[in-house]
Every structure is written in C-alpha cells, then in structure tokens.
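Model the full structure from these sequences, guided by the hints.
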Amino acid sequence: MRGARVQAVSGELGGERIDIVLWDDNPAQFVINAMAPADVASIIVDEDAHAMDIAVEADNLAQAIGRSGQNVRLASQLTGWELNVMTVADLQKKHQEEASASIENFMKHLDIEQDFAEMLVEEGFSTLEEVAYVPVNELLEIDGLNEELVEELRSRAKDALTTLALAQEESFEGVEPAEDLLD
Numbered sequence: 001m002r003g004a005r006v007q008a009v010s011g012e013l014g015g016e017r018i019d020i021v022l023w024d025d026n027p028a029q030f031v032i033n034a035m036a037p038a039d040v041a042s043i044i045v046d047e048d049a050h051a052m053d054i055a056v057e058a059d060n061l062a063q064a065i066g067r068s069g070q071n072v073r074l075a076s077q078l079t080g081w082e083l084n085v086m087t088v089a090d091l092q093k094k095h096q097e098e099a100s101a102s103i104e105n106f107m108k109h110l111d112i113e114q115d116f117a118e119m120l121v122e123e124g125f126s127t128l129e130e131v132a133y134v135p136v137n138e139l140l141e142i143d144g145l146n147e148e149l150v151e152e153l154r155s156r157a158k159d160a161l162t163t164l165a166l167a168q169e170e171s172f173e174g175v176e177p178a179e180d181l182l183d
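Start counting the sequence shown at 1; every next residue gets the next number (my numbering).
In case anyone wonders, no lab produced these hints; they're calculated from the structure.
Given the structure is predicted, the values throughout are model-derived calculations rather than measurements.
A portion of the hints provided could be inaccurate.
Here are the simulated SDA-like cross-link-like pairs (lysine to any residue), alpha carbons at most 20 Å apart as the crow flies [to be verified]: (1) K94 - E82; (2) K93 - A58; (3) K108 - E98; (4) K158 - I112; (5) K158 - H109; (6) K108 - Q96; (7) K94 - N105; (8) K93 - A41; (9) K94 - I65; (10) K94 - A160; (11) K94 - V121; (12) K94 - E47; (13) K94 - N60; (14) K158 - A101; (15) K93 - V121; (16) K108 - Q168; (17) K158 - L128; (18) K108 - A160; (19) K108 - A165; (20) K93 - E122; (21) K93 - V45; (22) K108 - I65; (23) K158 - L140.
Label pairs and their in silico Cβ distance ranges [what the hints assert, rightly or not]: (24) E173 - A51: 54 to 60 Å; (25) P177 - Q7: 53 to 59 Å; (26) E141 - D111: 46 to 52 Å; (27) P37 - F116: 16 to 22 Å.
By construction, the Cβ of each residue, glycine as well, lies at the ideal position given by its N, Cα and C atoms.
Here you go:
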C-alpha cells in the first residue's frame with residue numbers, strides 16, 4: 001500500500017501511476033535511483049557526451065528498458081542524461097572494442113609497438129589528445145617512462161593531431177553551404 005500523500009496526488013491525476021525517485025547530487029547515483037527497481041550492475045559516465053552506459057544483468061534487461069523503452073526514456077528525461085542500457089556482456093564487449101581501436105590508433109599515429117600502446121590504454125589513455133595534453137607528471141607516473149620518452153610521445157601525438165586536423169580541413173575545401181542556408 002502506498003502512502004496517503006502519494007495516493008492523494010495519484011487521485012488528483014486521475015489514478016495515474018506515480019514513481020518517487022530519490023534525488024542525489026551525483027548524476028550516476030541519481031540515474032541508478034531513477035532506474036529502480038532494475039538492478040544496475042555498473043555505470044560508465046561520459047561527461048563530454050553527457051551520456052551514461054548502464055550495464056544490467058541479462059535477465060534484468062527487459063525490466064530496465066521497459067515496455068517500448070518507456071523506463072529508460074523516462075529516466076533519461078528525468079535526469080537529463082542520454083542513457084544507453086545494455087547487458088554486462090555487451091558493455092564488456094563495447095569496452096574491448098574501444099580499447100582495441102585506441103591501441104590501433106596509438107600504434108598508427110604514434111608509431112609505437114603494440115605492448116606500449118596496450119600499456120597506455122591500461123593506464124587510462126584512449127585518445128591522442130589525452131597523450132598530447134595531459135600534464136607531464138601523469139605520464140611520468142607510468143612505469144618505464146622517463147622525461148625524454150614522455151616528451152617524444154607528446155611530440156608525436158601533437159604532430160599526429162596537427163596532421164589529422166589539416167587532412168580534415170582539406171577535405172572541406174571547395175565545399176559550399178547549401179543555398180537555402182545562405183538566405
């Protein structure tokens with residue numbers, strides 16, 4: 001039986017169902033609260049994309065998503081975050097694919113061996129920007145790296161970023177905006 005206050009509000013809304021979500025300043029905890037009663041196994045927050053990957057056990061996936069995606073859609077609207085609900089296995093697979101892509105990217109653009117690229121990914125680096133612009137002391141904390149090696153690595157990353165930016169800029173040369181956009 002629900003509380004008298006909730007029943008009164010529900011009555012005012014013509015019997016509409018009401019869920020009460022516990023507020024939390026931590027966005028990840030707020031999303032976990034909003035996803036209840038589904039049990040969240042893990043949550044990965046991407047501040048830049050304002051999105052969260054939410055992993056639930058396979059037998060809990062339907063409950064987390066809801067009929068026609070209603071539960072996850074309501075939780076997303078309530079929290080203001082883009083929510084991607086998946087199974088624990090799918091999240092692990094996604095992270096393995098992202099790690100492999102980062103390793104390939106590092107090997108190609110930094111001209112380093114696979115073991116070194118894997119070490120960078122294991123230490124939390126996933127983009128050339130991170131390698132190029134992270135404070136030097138963070139790179140120096142990695143076992144086996146000295147100042148000379150760190151400076152060379154950062155230089156290669158900055159050179160690769162410049163090359164990629166120039167290539168992207170060249171691909172836009174000669175492209176004109178659509179006429180309807182100019183009006």
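Each hint, compared with the structure:
{"no.": "1", "hint": "K94 - E82", "result": "17 Å, holds"}
{"no.": "2", "hint": "K93 - A58", "result": "14 Å, holds"}
{"no.": "3", "hint": "K108 - E98", "result": "15 Å, holds"}
{"no.": "4", "hint": "K158 - I112", "result": "15 Å, holds"}
{"no.": "5", "hint": "K158 - H109", "result": "10 Å, holds"}
{"no.": "6", "hint": "K108 - Q96", "result": "18 Å, holds"}
{"no.": "7", "hint": "K94 - N105", "result": "16 Å, holds"}
{"no.": "8", "hint": "K93 - A41", "result": "15 Å, holds"}
{"no.": "9", "hint": "K94 - I65", "result": "19 Å, holds"}
{"no.": "10", "hint": "K94 - A160", "result": "25 Å, violated"}
{"no.": "11", "hint": "K94 - V121", "result": "14 Å, holds"}
{"no.": "12", "hint": "K94 - E47", "result": "18 Å, holds"}
{"no.": "13", "hint": "K94 - N60", "result": "19 Å, holds"}
{"no.": "14", "hint": "K158 - A101", "result": "19 Å, holds"}
{"no.": "15", "hint": "K93 - V121", "result": "16 Å, holds"}
{"no.": "16", "hint": "K108 - Q168", "result": "17 Å, holds"}
{"no.": "17", "hint": "K158 - L128", "result": "8 Å, holds"}
{"no.": "18", "hint": "K108 - A160", "result": "9 Å, holds"}
{"no.": "19", "hint": "K108 - A165", "result": "16 Å, holds"}
{"no.": "20", "hint": "K93 - E122", "result": "16 Å, holds"}
{"no.": "21", "hint": "K93 - V45", "result": "17 Å, holds"}
{"no.": "22", "hint": "K108 - I65", "result": "39 Å, violated"}
{"no.": "23", "hint": "K158 - L140", "result": "18 Å, holds"}
{"no.": "24", "hint": "E173 - A51: 54 to 60 Å", "result": "33 Å, violated"}
{"no.": "25", "hint": "P177 - Q7: 53 to 59 Å", "result": "57 Å, holds"}
{"no.": "26", "hint": "E141 - D111: 46 to 52 Å", "result": "23 Å, violated"}
{"no.": "27", "hint": "P37 - F116: 16 to 22 Å", "result": "45 Å, violated"}
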